[in-house]
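Each chain, written out:
Number of protein chains: 2
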Amino acid sequence: MDSDFGVPRELSHLQKLRSQYQPELPPCLQGKSVRVEFSDATASTDPSGAHTISRSFPHTYGQPLAHFLRASAKVPDAQIISEHPAVRVGVVFCGRQSPGGHNVIWGLHNALKTHNTSSTLLGFLGGSEGLFAQKTLEITDEILATYKNQGGYDLLGRTKDQIRTTEQVTAALSTCKALKLDSLVIIGGVTSNTDAAQLAETFAEAKCPTKVVGVPVTLNGDLKNQFVEANVGFDTICKVNSQLISNVCTDALSAEKYYYFIRLMGRKASHVALECTLQSHPNMVILGEEVAAEKLTLFDLTKQLCDAVQTRAEQDKYHGVILLPEGLIESIPEVYALLQEIHGLLREGHSVDNISSKLSPWASALFEFLPLFIRKQLLLHPESDDSAQLSQIETEKLLAHLVEEEMNKRLKEGTYKGKKFNAICHFFGYQARGSLPSKFDCDYAYVLGHIAYHVLAAGLNGYLATVTNLKNPLNKWRCGAAPITAMMTVKRYGSGPGGAFSGKPAVHPATVDLKGKSYELLTQNAAKFLLEDIYRNPGPLQFDGPGADAKAVTLCVEDQDYMGRIKELEVYLDKVRTIVKPGCSQDVLKAALSAMAAVTNILSMVSSPANSGV
Amino acid sequence: MDSDFGVPRELSHLQKLRSQYQPELPPCLQGKSVRVEFSDATASTDPSGAHTISRSFPHTYGQPLAHFLRASAKVPDAQIISEHPAVRVGVVFCGRQSPGGHNVIWGLHNALKTHNTSSTLLGFLGGSEGLFAQKTLEITDEILATYKNQGGYDLLGRTKDQIRTTEQVTAALSTCKALKLDSLVIIGGVTSNTDAAQLAETFAEAKCPTKVVGVPVTLNGDLKNQFVEANVGFDTICKVNSQLISNVCTDALSAEKYYYFIRLMGRKASHVALECTLQSHPNMVILGEEVAAEKLTLFDLTKQLCDAVQTRAEQDKYHGVILLPEGLIESIPEVYALLQEIHGLLREGHSVDNISSKLSPWASALFEFLPLFIRKQLLLHPESDDSAQLSQIETEKLLAHLVEEEMNKRLKEGTYKGKKFNAICHFFGYQARGSLPSKFDCDYAYVLGHIAYHVLAAGLNGYLATVTNLKNPLNKWRCGAAPITAMMTVKRYGSGPGGAFSGKPAVHPATVDLKGKSYELLTQNAAKFLLEDIYRNPGPLQFDGPGADAKAVTLCVEDQDYMGRIKELEVYLDKVRTIVKPGCSQDVLKAALSAMAAVTNILSMVSSPANSGV
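Protein chains in written order, with UniProt numbering: chain A, 1 to 614; chain B, 1 to 614.
Quick caveat, the hints were computed from the structure, so don't treat them as lab data.
As the structure is a prediction and not an experimental result, all values here were calculated from the model.
Each hint should be verified, as a subset may be incorrect.
[Stated by the list, open to error] Quick list of the computed label-pair ranges, beta carbon to beta carbon:
(1) A/E167 with B/S357: 57 to 65 Å
(2) B/K417 with A/A133: 15 to 23 Å
(3) A/E368 with B/S357: 52 to 60 Å
(4) B/K358 with A/L372: 48 to 56 Å
(5) A/P209 with B/K16: 34 to 42 Å
[Said to hold, decoys possible] Derived lysine to any residue pairs resembling SDA-like cross-links, with alpha carbons at most 20 Å apart:
(6) A/K135 with B/Q315
(7) A/K303 with A/K135
(8) B/K412 with B/Q389
(9) B/K397 with A/K135
(10) A/K257 with B/E405
Idealized CB from N, CA, C, for every residue including glycine.
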C-alpha cells in the first residue's frame, strides 16, 4: 500500500485549477535573504507552572521569540541569514487530518529548494508509524503536482498520533540520526506539538543535531494562545460546516416540522461550534465552556432546550437548528465524573460487561438512567490523550431523546400545548475534514511551510512556526516562531493544601474565552437567533468571486496580534531609551522615573498570580 | 407563523450576490410574442395501459405536444400568441423541498408581468394545506428580492404533499373558483404531478376554467421520461452530495481505517446515487435497480460487500466508501415482502407492539434475525404513497452491521486474515436539500417558470412544462409542454391469467435504466472504482469561475432529447410529402411506396407490445 502514497491521480476540473493556484508570500519571506530578530526570552503564560516547565525542559525553556523581517528592514540587532547550506529535512503528519496540511509540505519544499536546490525533503509515510519505521518518500515537484491546494493527508497518510513513550521517542531519535536530518517538521495540533517540544528537549539532551519544528494544523482550532491566532484547517472546516448547517436551517424553515440537533467535530473545545454559529445563525448553540462554567447538568440542559422549544411553539414555530460541540458530553459535570469512573475501571482491567456493577451508587444511578445506545458508547476505551472517544458518543441523540421525553411529558401534563416534538440528528465532521482547503488555509499553510524552513535556517529547536495579524491581507501578515514551551501550562488535579498533584507540562487545548469578543458577539445575538430565525447562508466554499476571500468571524473579531503588540511595546521601550539617554535634563529623567514606576507598579499588580486566572 | 412567509431577510455576502444573478431566456421565450406549434396527439408510453388511462382521463388524454418557438420562426401551422390579457395565477409547492423551487416562481412572475403588468400571481402558503384553506400571498418583486436564486421553499413553505382525496380535490376546486384563477401551477415530483393531472381532469369535467400546469421539481430526479430530461434540484443535490462524498473519500484515504457507508436521499430510485458515483468515484455503489433485477437478498448483498472488503484487504487497503440509495431496503425482495406484510397489518389496525406475533412464519424469522433498531424502523407507518418511511430506515447501518458480523466470523474461521473491519455510517440529504441552487438549477427553474406562463397563454390544461436538449448551452434549449397523461402507466399486481389486478394510472418514478448509457459508464468503471481508489473531488458548488457551469454526468451521457427527435422526424415526413407530391414521376412514387412500406414494417415490429418491455 505504501506504493500508493504520492502517486499522481486524476483530478476533477476544479481540482486541476486549484492545483495551479500559487499562494503568495508576505514581503518578509520574499527574496533569498531573511532577517531574524529575537525578542527577550519567553516565559510561560502560567507563572505558577514556570518552574515545573523549566525543570522539565532545561534545554528548550526560556528561548526568545523570533520575528522574520525583510532583509532590507532597518532593525539594528537582527541577524541576516544569507547562507543556506544544503539541508535534509523530514516532515510528518500527526493526528486528525485537516484541510491545508499538504500546503505546509509544499511551502516547506518550495522554501528548501529556493534557498538551495541540493536540499532534500523526506516525507514520512503513514504518520508517526512511518517516522518510527524510517519509511520515507522524497518529496519532489512532480509528486506535489496533484496535491497542491488539495485536501486530506493522503500524500503521506497518517496513523497513530503520538510520539510519547520512551520507545517511540527513541525510535524517532534513531530515525533522525540514521537519515541525518537537520530538521524534523511535525504537522499537528496540541498533542502533537507537545510531543514536538518533548522531542526537541530529548534531542538537545542527546546532542542530536536535528532541530524539531512544529506547525499548528488542526481543524479543532484549539491550539490558540498569545502566539498562535489560528490553525490550518479551521477556516475550511467552519466554512464547509456552515454551508451544511445553513442548508439544514433552510430545510427546517421550508418543512417546518423538525428540530435538527447537529454535533460538530472539533473535540472538547467549542471553537468550531462558535464560529459556525456566527457564520450561519442557527437557533441555538450549547458551548461546552458555558456548560462547564455554569456546571449545568443533563437535567438543566434538557430543561433549557425544552423551554426554548416551548417558547418557539408559542410563536407557532415547530422547527429549529441546535448546534453542539463534539465533546460536549465531557463538559457536563456528572457525566464527566461517570466517565472518569468508567475509565478508571477500564484501566484496572475490568471487562466492559461488568463495569456497570462496579460503579459507585450515584454513578450507577446515572448510568442506568441513560438510554442503552449512550451507555454502550460511554463504555468505549478512552483515547491516547485520556479523553473519551468523543467522536463516537452521540450526545446529539441523547439530548434529542431527553428533550422528546420531556416534551411528551409536558404535553401529557398539559403544560405544553403545541405539536409533537420531532428531532433529526447529525454529526458533521468526516464530510468536511477531507474538503478542498479554502484560499485562506491554502495561503496560511503555504506560508507556515516557508517559516518552518526559516526556523531551521535560524538554528532554532523546539519552536512552533507562527503567523500573526492574519485578519489583515497577506502582505500585512507577520511571520515568526515561538518556543513551544512558552505555550505550556501545568494542570493541577485534586484539591486542598498538599493534596494537589501536578500534571506534566503540556500545550493544553484552548477553550472558548467566555470573556472574549467572539462570545460577546454570540450573547448579544442569542435571543434573536433563538426566536427570529435569522438564518444566514454563507453558501458553499468559493474559490473565485464573492466569498472566496472571506475569513473566520472569530478571527476578525478577536483582534489578537499579540506578536504585533510585543513588537510595538519594544518600539516604545526603545523610544524611552532614546529620549532619556545620558545627557538628558534632570526633569526629563525625573518624569521618566516617576512614569515608569507607575507603569511597573500597575503591571506587577495585573500580572500577579492572583490575577492570572489559570 | 404565516406572517413569516415572504418576509425580507438578511443575506450573506454570497447570497446577496446570488440574488442579483439574472438567468437568461432561450431565444424562443424572448420578446413579447411566442409561437406555439402542436405535434400529433400523444399516446401513453404504455400501450397496454392506454385504454385505462384514456377512460380515466376522457378530457385530458390524447392532447398534442406543444413546442414554443420564436415568433419569427417559419413554421406554417404554428399559432402566434400575441394577445396577453391580464390573468390570475396561483402557485403551490408540493412535496419535498428541492433547490431551485423559488426560481420557478420568479420566472413565472417575470413572465406574467412582462406580458401584462395587471396580471396577478398568488402563492399558496404552507403548500397544499394553503391551497385547501385559500391562504395566499401576492407575489411581488419586493417579496422575491431576497429569494431569487436561493434554496429551500421558505418563501411559501410546504406541508402535506398530496391533493388526492375527494375532500382535497373539492377544496382545491373551490379555491380556484373563489380566487378566480386562470391557472394553477403545481411545483413538485411524480406524486404531485399525478395529482396535477387528476386535478386538471376534474376541473375540465366540472367546467372550471382554471388550467392546471405542472413543473418538474424534485431532487430525486425520478420524474424522467421521453418528455422530461431532468428535474429542478437534482443537479444541486448531486453536486453538494458529491462534494461531501469526495471529502469522505479523501478522509478515508488519509486515515486508512474506516469504511464509510453513505445513504443518499432520493427515494427508491437510484438516480442520485448513480450520478454521485459518476461525479466522485467512490469504491462501490449498490443500486436498488440492480438488486431488484438480480433479486439479491440481504445475504447476497452482505456477501458481495464482504468479498469486496476482503479483496481490498488483500491489497492492504482497510478503508473504502460505499454509496446506497435512500430506498434500497424496498428493493431487497425478502425485506420488501416483509414490509408489505407489516403495512398490511398496520392498515388492519394492529398495534405496533403485537405485529411481530402476527407475521407469517418466514416473515417472522426474517424480522427476528434483524437488529433491534431496524425492526423499530420497519414498523413505522407507511407514507401517503404506500412506500415505507424510507428516510427513517437506516439501511446503511443494517448493512454495516451485517458486514461487520460476517467479517468477524471470517476472521475467527481464518478465511479472512486482515485487520478488523470498522464502519462509519452517514445519511446525506437534509444537508444538501436546502443548498443554494446551482447555476444550472437556477436557469432551468427560471425558464420552466416562464414556460408555465406560456402553457396557460396557449390555453392548455393538464400539461407539464418541459425543456429539452438541456445538456447543450441555454440558447439551444428547446421549450415545450407535454400532457401529463402521456407520462402515465398502469401497474399490474398479482400474476396468472385473470388474477392480475390493475392499479390506477399514475406517473411512476422512473428507475435507473440498466440498459442505459449512464449505467454502462458505471459498469465499465466499477472494477477500477472498487480497487484503485481513483476518487475524484468535484469540489464545493461554484458560482463563478471553473466548475460553475458543470452539468450532471448522467444528463450529458444519456443524450435524450426525445422532443428534438420528434421534431426532426416531422421534418423528414414533410420532406417526403414535398418530394412525392402529385405530379412526381411514377418511379419516384414507386420508390417512395416501397421504402415507406419497409419503414412501417420495421416500426410495427419494433413497437409491438412483445417488444415494449414495460
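Checked hints:
Distance hint check: the CB atoms of A/E167 and B/S357 are about 59 Å apart, consistent with the given range 57 to 65 Å. In this structure the supplied range 15 to 23 Å holds for B/K417 paired with A/A133, their Cβ-Cβ distance being about 21 Å. Hint check: A/E368 to B/S357, Cβ distance near 29 Å, so the stated range 52 to 60 Å is violated. Against the hinted window of 48 to 56 Å, the Cβ-Cβ separation of B/K358 and A/L372 comes to about 26 Å, which falls outside the hint.
For the pair A/P209 and B/K16, the supplied restraint of 34 to 42 Å is violated, since their beta-carbon distance comes to about 56 Å. Between the alpha carbons of A/K135 and B/Q315 the distance comes to roughly 18 Å, so the proposed pair stays at or under 20 Å and holds. With a C-alpha separation of about 54 Å, the suggested pairing of A/K303 with A/K135 is violated against the 20 Å cut-off. Under the criterion of a C-alpha separation no larger than 20 Å, the hint pairing B/K412 with B/Q389 is inconsistent with the structure, at around 37 Å.
Distance check on the hinted pair: B/K397 and A/K135 sit about 36 Å apart at the alpha-carbon level, beyond 20 Å; violated. Taking the CA atoms of A/K257 and B/E405, the gap is about 37 Å. The hint is violated against a cut of 20 Å.
Checked against the numbered hints above, the structure violates hints 3, 4, 5, 7, 8, 9 and 10; every other hint is satisfied.
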